[in-house]
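There are 4 protein chains.
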Amino acid sequence: MENVHEECGVFGIRSTQEKGIANLVMVGLTALQHRGQEAAGIAVNEDRSIRFHKGLGLVHEVFPQEELDRLGSGKIAVGHVRYSTSGNNTVINAQPMVVRHVKGQLALCHNGNLINSYELRRELELEGCIFQTTSDTEVISYLITRERLKAPSIEEAVKRAVQRLQGAYSLVMMSPTKLLACRDRLGIRPLCLGKLPDGNPVFASESCALDAVGAVFVRDLEPGELVVADDNGLRSISCFPDHNSCALCVFEYIYFARADSVICGVSVQEARKRAGRYLAEDHPVQADIVIGVPDSGLDAALGFSEQSGILYGIGLVKNKYIGRTFISPTQELRDAQVRLKLNAVASAVQNKRVVMIDDSIVRGTTSAYIVRLLKNAGAREVHVRISAPPFLHPCYYGTDVDSENSLIARGHSPEDIARMIGADSVQFLSVERALTLAGSKKADSLCAACFDSRYPAGVPSITEKDRFEKL
Amino acid sequence: MENVHEECGVFGIRSTQEKGIANLVMVGLTALQHRGQEAAGIAVNEDRSIRFHKGLGLVHEVFPQEELDRLGSGKIAVGHVRYSTSGNNTVINAQPMVVRHVKGQLALCHNGNLINSYELRRELELEGCIFQTTSDTEVISYLITRERLKAPSIEEAVKRAVQRLQGAYSLVMMSPTKLLACRDRLGIRPLCLGKLPDGNPVFASESCALDAVGAVFVRDLEPGELVVADDNGLRSISCFPDHNSCALCVFEYIYFARADSVICGVSVQEARKRAGRYLAEDHPVQADIVIGVPDSGLDAALGFSEQSGILYGIGLVKNKYIGRTFISPTQELRDAQVRLKLNAVASAVQNKRVVMIDDSIVRGTTSAYIVRLLKNAGAREVHVRISAPPFLHPCYYGTDVDSENSLIARGHSPEDIARMIGADSVQFLSVERALTLAGSKKADSLCAACFDSRYPAGVPSITEKDRFEKL
Amino acid sequence: MENVHEECGVFGIRSTQEKGIANLVMVGLTALQHRGQEAAGIAVNEDRSIRFHKGLGLVHEVFPQEELDRLGSGKIAVGHVRYSTSGNNTVINAQPMVVRHVKGQLALCHNGNLINSYELRRELELEGCIFQTTSDTEVISYLITRERLKAPSIEEAVKRAVQRLQGAYSLVMMSPTKLLACRDRLGIRPLCLGKLPDGNPVFASESCALDAVGAVFVRDLEPGELVVADDNGLRSISCFPDHNSCALCVFEYIYFARADSVICGVSVQEARKRAGRYLAEDHPVQADIVIGVPDSGLDAALGFSEQSGILYGIGLVKNKYIGRTFISPTQELRDAQVRLKLNAVASAVQNKRVVMIDDSIVRGTTSAYIVRLLKNAGAREVHVRISAPPFLHPCYYGTDVDSENSLIARGHSPEDIARMIGADSVQFLSVERALTLAGSKKADSLCAACFDSRYPAGVPSITEKDRFEKL
Amino acid sequence: MENVHEECGVFGIRSTQEKGIANLVMVGLTALQHRGQEAAGIAVNEDRSIRFHKGLGLVHEVFPQEELDRLGSGKIAVGHVRYSTSGNNTVINAQPMVVRHVKGQLALCHNGNLINSYELRRELELEGCIFQTTSDTEVISYLITRERLKAPSIEEAVKRAVQRLQGAYSLVMMSPTKLLACRDRLGIRPLCLGKLPDGNPVFASESCALDAVGAVFVRDLEPGELVVADDNGLRSISCFPDHNSCALCVFEYIYFARADSVICGVSVQEARKRAGRYLAEDHPVQADIVIGVPDSGLDAALGFSEQSGILYGIGLVKNKYIGRTFISPTQELRDAQVRLKLNAVASAVQNKRVVMIDDSIVRGTTSAYIVRLLKNAGAREVHVRISAPPFLHPCYYGTDVDSENSLIARGHSPEDIARMIGADSVQFLSVERALTLAGSKKADSLCAACFDSRYPAGVPSITEKDRFEKL
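Chains as they are written, first to last, in my numbering: chain A, 30 to 500; chain B, 30 to 500; chain C, 30 to 500; chain D, 30 to 500.
Treat the hints loosely; a few may be bogus.
Identical copies carry no separate label here, and so any pair may be met within one copy or between two of them.
[To be verified] Using 30 Å as the maximum straight-line C-alpha spacing, the simulated BS3-like pairs for lysine-lysine come out as follows:
hint, residue 1, residue 2
1, LYS132, LYS48
2, LYS370, LYS347
3, LYS370, LYS48
4, LYS347, LYS224
In case anyone wonders, no lab produced these hints; they're calculated from the structure.
From just these sequences and the hints, can you work out the full model?
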């Protein structure tokens with residue numbers, strides 16, 4: 030499937046104030062920008078129709094003030110940020126997808142990935158549907174609008190449509206009069222509800238976006254829950270009444286989400302510190318300082334430090350002004366570009382035994398570089414601790430994690446890897462520990478399929494990559 | 030209907046050479062650029078799929094070399110330039126429209142305007158179709174792909190689909206293996222066929238695009254004709270076998286087309302010179318020099334000169350470096366901006382009685398300005414001759430001509446207008462003369478509905494503007 | 030000298046209205062844009078200082094409304110457009126050059142080229158001066174400001190400084206309180222004075238810029254004249270009282286200036302028509318139609334037509350939407366790009382004997398292409414008439430004409446050239462005729478050194494190209 | 030003086046490899062980007078001349094690969110990044126300044142600010158010099174090139190010139206054959222020397238740029254030292270042989286420099302941690318967690334934690350995707366924009382007594398916002414500790430610190446401020462402590478004039494702001 034790589038951020042809001050609603054969405058999307066930097070889009074209602082704008086780039090690039098002004102004022106708005114994957118990066122696939130159908134207009138924002146989109150698309154094509162994009166979102170749009178022909182309301186149409194979807198999806202949608210949010214049967218992707226000071230609702234992939242717009246966190250949506258917000262207030266609809274399990278993607282805690290977000294009642298920073306504490310317990314080491322690889326390794330390093338009693342330090346500095354990578358005529362320059370991104374703080378690591386916490390080892394090249402950096406800066410020993418298990422299985426639920434991401438972990442023991450990257454030791458978090466990152470009671474409510482191959486929402490029957498692109 | 034204003038250019042080509050096919054389309058579209066400066070797009074086949082790129086702006090802005098390279102090589106390609114109208118100028122509505130359907134992919138380029146698109150769209154929506162744009166092209170795409178479910182071939186599907194269309198359309202389309210071109214039942218919009226030196230076919234709105242790519246003109250498509258080009262060569266299909274009238278838009282000769290194009294066997298320059306000759310015959314005047322308002326008035330001025338024996342001169346110079354109009358803080362500056370666009374050549378008109386040929390008088394402000402310019406430069410008399418009748422009726426077939434375009438001609442006699450714009454006399458081409466611009470034999474095969482309200486393809490039953498935008 | 034290629038446009042204005050003075054300069058520069066498309070700049074006085082902005086590109090690209098607004102209001106402003114030459118195209122060399130010196134600020138705009146700038150620069154360097162650009166303008170700035178140390182006024186300093194300059198220069202300058210304009214001893218480059226409706230003065234390289242801002246033409250500056258405009262009105266100063274010859278560059282009439290400008294009392298269009306008439310007299314031919322190569326050949330074609338009685342026609346159409354030239358993978362595409370720029374109007378030339386008027390033959394490739402184009406369009410014969418003599422000698426006075434520009438004319442007879450470019454005949458204007466383009470009385474007051482090597486202002490003693498760039 | 034605000038970064042390099050030298054400078058400048066984001070420039074030698082490019086923006090914006098390629102290869106190169114101050118942000122003032130003089134070319138990069146530039150400029154103007162910029166760098170260029178008229182070498186000219194300069198300057202310069210670096214008499218601005226693996230020298234404002242290009246740190250330049258690097262190796266020249274005091278700007282440690290740099294033998298991170306330790310000693314507090322305001326407060330927070338034994342935490346998360354600030358139609362949105370930049374991690378501070386370390390309190394608005402943020406996130410107490418004394422005096426040596434920067438600290442006691450910003454307590458580092466940030470032995474070799482008004486290099490006699498801009 031060509032559209033596996035869809036880690037994204039979704040946002041929706043109602044505002045009685047109307048003025049500046051597009052700016053509010055822009056603020057929310059900027060808070061979710063870490064979930065996707067490829068493309069951004071905003072749709073706003075206006076009278077009985079929907080205006081929208083989307084484009085490639087960061088939120089503030091796609092939305093200069095003129096564009097926000099052009100979107101005008103409205104009572105309902107939704108927005109989307111899209112993950113940057115190589116290839117297929119066209120504005121055609123950007124979201125929200127805004128469609129006109131027999132009953133009016135609909136704007137959809139989608140985070141996640143279906144496993145049965147091929148079958149659904151095929152079925153729709155056989156009924157004469159045409160597709161202008163390669164995204165699941167267009168499939169979902171069709172299902173909803175076709176149900177809408179018979180259903181008494183848009184929310185009923187959404188309910189019926191999502192019952193046909195298999196896989197992961199957090200949806201934020203709007204008709205010209207209603208704001209809707211829906212989370213898949215297993216709640217694989219996060220989605221939460223907040224409240225503005227004036228009582229209006231906000232939906233967002235992560236709570237940090239609620240904070241940004243000045244809303245207070247109310248609760249996460251339940252798995253399979255559809256919430257409708259209109260002039261009559263909020264209504265909750267259960268799309269899968271007989272179903273009540275949960276399988277939140279554990280990688281949200283490990284990597285995707287921002288440290289200041291709270292997902293399913295658990296602080297992301299707290300989960301990461303817990304990973305660090307587990308590593309300290311399971312793989313202790315004699316050392317003088319523990320440092321994190323910025324930005325995602327810092328919280329786990331703090332946890333490791335607290336658990337082990339080893340001093341926490343800032344041993345690596347990231348350059349925040351790096352632009353695109355240039356084509357390097359010489360090896361000397363290629364090295365320089367890597368060095369530019371990250372530098373060691375010699376005074377912090379000199380003559381010390383260092384524990385270095387990172388969230389993954391992919392091909393090992395980066396890890397080897399950082400280890401060398403620390404040793405060149407005078408570190409006596411470097412012990413690498415990874416705050417996640419090795420990924421061994423592909424993700425079909427909307428993340429860019431696939432088995433290639435840990436080539437080095439496949440068929441190599443931690444000892445092998447340590448030797449390969451020049452570290453004095455290497456250890457990973459165990460899968461069992463990963464499953465308790467949100468607390469031991471939630472072990473059954475996390476999806477860790479990329480580590481343990483237990484796919485709670487099944488796997489796609491057809492998996493050729495880029496089928497639609499190529500065909 | 031919000032999409033009335035669709036004067037555009039279409040282009041399609043096959044190439045055995047494959048390499049650089051996107052560049053060839055770029056050349057063809059640049060030759061058609063005068064038909065639309067709002068947006069441009071190119072689609073190229075590749076294996077069994079279609080790659081495409083489109084964007085807002087001029088062809089060379091939308092297609093820097095990197096974009097052309099990215100489109101790669103292929104055997105079939107189509108392209109489109111879109112007219113710049115105010116509002117609704119988004120890349121979403123740019124063409125080609127590329128859709129995936131049950132049998133594969135289809136790219137469509139469309140010039141013209143349907144009068145029954147509202148009804149067709151409604152019917153499709155009731156069957157569960159969704160629309161992402163506000164263009165007729167999406168309606169046509171649906172009709173074709175739905176017919177394709179039952180039809181044995183794409184050409185058969187196109188034939189069945191266009192039989193349902195009412196209005197004006199010249200279509201250039203491609204599947205990954207076939208290039209197709211089709212002209213509406215009355216041939217309202219032009220479309221011609223050319224042949225590259227290696228025998229491959231080219232389709233274009235105007236013959237000047239054939240010249241640009243080095244193809245020779247073969248013939249115009251017949252009204253209602255569908256031509257298919259694939260590995261087996263060309264095949265012609267008649268979509269309306271029982272129908273054989275023609276109603277080419279007369280405005281193609283008067284204004285739209287380029288002087289070096291030949292449409293339906295008639296040179297555009299020749300038609301314009303004929304307009305000038307008719308004016309000289311019907312509305313003679315004693316004068317020393319005849320000048321044209323650049324660029325479109327020049328050919329008619331030449332005809333006027335030849336017929337009347339009055340010397341032809343170059344009395345007005347256009348500044349080709351004008352950018353966007355700036356917001357002027359003072360009247361002095363607003364005047365300056367107008368003066369910047371056009372200046373009189375004093376030595377050409379000083380102490381002379383001047384005949385000034387233009388192709389239209391809209392509100393009269395511009396004409397009044399030019400007359401004043403010539404008088405300030407020393408012209409003793411200025412006699413205005415317009416190479417078209419006044420537009421009095423809206424066009425529903427894809428041009429931006431509506432009744433507002435000649436406010437001054439409504440309810441005012443030529444004598445009134447002369448007084449209003451400060452000219453010594455004003456005269457228009459008569460409707461009868463306009464109908465013979467392509468030669469007296471073709472009087473019955475031209476559409477001049479904007480002058481005489483005889484609409485050969487009917488009028489839309491629903492005409493609210495921007496229905497889809499607003500709804 | 031690296032800065033030989035300096036065909037430029039200069040403009041200066043006073044305005045009592047103050048508001049929008051930068052916009053007025055923008056209008057004037059846009060009217061002069063044909064004299065230079067590389068860079069543009071505007072300086073405006075403000076209190077006792079000077080604000081300025083300059084950049085690479087067309088006037089409207091360098092000056093979006095924000096930039097004009099930023100320049101604020103003022104009573105005096107000057108502007109410059111710079112010719113696009115390959116290489117050395119940096120904003121550092123753009124004008125006006127604005128310098129601070131002991132008595133305040135000075136902004137200079139310069140059109141022309143000195144022949145003793147190397148010696149002057151060297152002398153200044155030996156006194157400790159530093160140069161940040163490679164332009165003559167910086168040399169002139171130094172001379173003026175150093176004279177200003179001793180001179181009682183800026184005008185006296187300018188007078189003393191220009192007495193040291195050899196070569197061609199039209200200068201428009203401003204201090205925060207005075208506007209100054211000065212033309213070299215021989216008046217090689219044009220410069221004229223106009224008057225706004227409110228009586229304020231305007232200076233411009235060509236009268237078309239006066240028209241654009243709504244000023245009336247007053248007179249050309251005399252060779253060696255310095256005009257100062259301040260709160261006390263205009264004052265004329267003669268910088269070379271004992272000198273009274275003139276040597277206006279004949280190429281201004283043939284090529285540089287706009288057809289609607291009047292230079293030294295002679296209409297540019299009229300001079301060009303005269304060139305056409307001379308060609309008809311000196312090199313008559315039996316033909317059916319005479320056409321010009323747009324844009325500069327059109328006026329001469331008109332003159333040829335009038336003199337010969339052969340019908341004038343529009344046989345070539347230029348595409349005005351061409352962007353940058355792309356890199357062509359194939360010969361087919363390279364050809365297409367050339368075809369795109371210019372196309373023949375078949376109906377105008379078919380079966381006809383054609384006289385084609387152009388203003389130069391350089392390497393012959395373009396001429397050969399146009400001849401082929403006309404023949405392919407059906408022309409029976411093509412007779413080429415060039416409205417200038419062949420350039421045989423370099424220009425040291427600020428034009429981009431050098432001997433390479435007519436490689437084909439060197440050592441080849443007109444008959445040879447006709448054969449080489451496929452024409453039925455080729456003829457040039459004679460040097461004698463060129464010298465009378467402004468009327469027979471002005472034969473002694475034109476510089477035609479590029480044709481006859483009689484350099485009225487001498488030649489540089491040091492001519493290595495790009496000395497400063499390389500050293 | 031209009032050019033007080035000149036915190037910048039300078040860089041110079043020799044390379045035997047030649048190829049890609051501009052890329053190496055780009056890497057070095059990117060590592061120094063935190064010292065200036067307004068403009069960037071690079072100059073490279075080529076044969077006996079100097080090529081250069083400079084522009085507004087970040088290094089990677091000003092130098093796309095094409096620009097780097099255009100600079101070609103060379104053996105010597107220098108570069109500059111310029112601080113972004115409001116106003117006067119034109120490319121004219123960007124560096125390196127490249128000048129041509131009697132003996133050839135010179136490129137200068139300057140970090141710092143002179144106090145006698147007005148007098149020097151005046152003196153030069155009286156000798157007929159002209160100035161095209163408002164920067165000290167042009168004054169220095171003149172002094173050097175005028176000395177060069179008499180001096181036997183460029184290094185001797187530089188020595189003589191800098192003896193006339195008063196104030197702060199770190200210079201990196203190049204002639205086409207020599208690379209030179211010079212630090213002012215008191216070493217107010219930092220400048221260090223490194224060595225590439227192949228032995229070639231590198232000069233940079235901070236050692237982090239040496240790390241980036243793969244060079245090892247050799248030593249800081251001595252105050253008043255001039256180092257020349259050419260084909261004969263390195264030579265050190267003492268410009269002020271009788272002088273040997275040092276007055277490094279203490280603000281380099283507190284704020285400007287990057288944590289991984291080492292200046293005058295002291296690690297910047299270590300100095301910041303020391304500030305934190307001092308605060309813990311001098312202003313202890315009962316608390317549960319100590320957090321830093323990112324990025325510059327983090328190291329001091331670590332020091333406070335180590336000294337006090339209070340747990341270190343990550344309590345604030347910065348959004349790294351913020352673009353320009355938009356104009357907010359409502360107060361709600363203005364608040365949202367502030368919230369977007371920084372968010373609290375509730376799980377880290379909830380129910381805790383928090384010590385919050387920042388490097389300054391300016392107007393108090395930001396501090397008040399952060400305190401409120403922490404309290405809203407559940408912090409029971411917030412104790413603010415500032416890792417610097419309040420600035421009370423203007424800096425004349427090239428930093429953007431002026432007395433306005435601490436309005437709130439003037440005339441308000443820490444207790445007042447605590448009340449004003451809603452904190453439970455506020456304390457500043459004392460001036461005595463600040464003077465020992467680089468170790469107690471270096472107390473006499475730091476400049477802390479902005480805290481204690483003891484100006485080691487004097488103050489300017491003329492201080493009107495923007496004199497040159499306005500005059």
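Honestly, which of those hints from before does the structure not fit?
none
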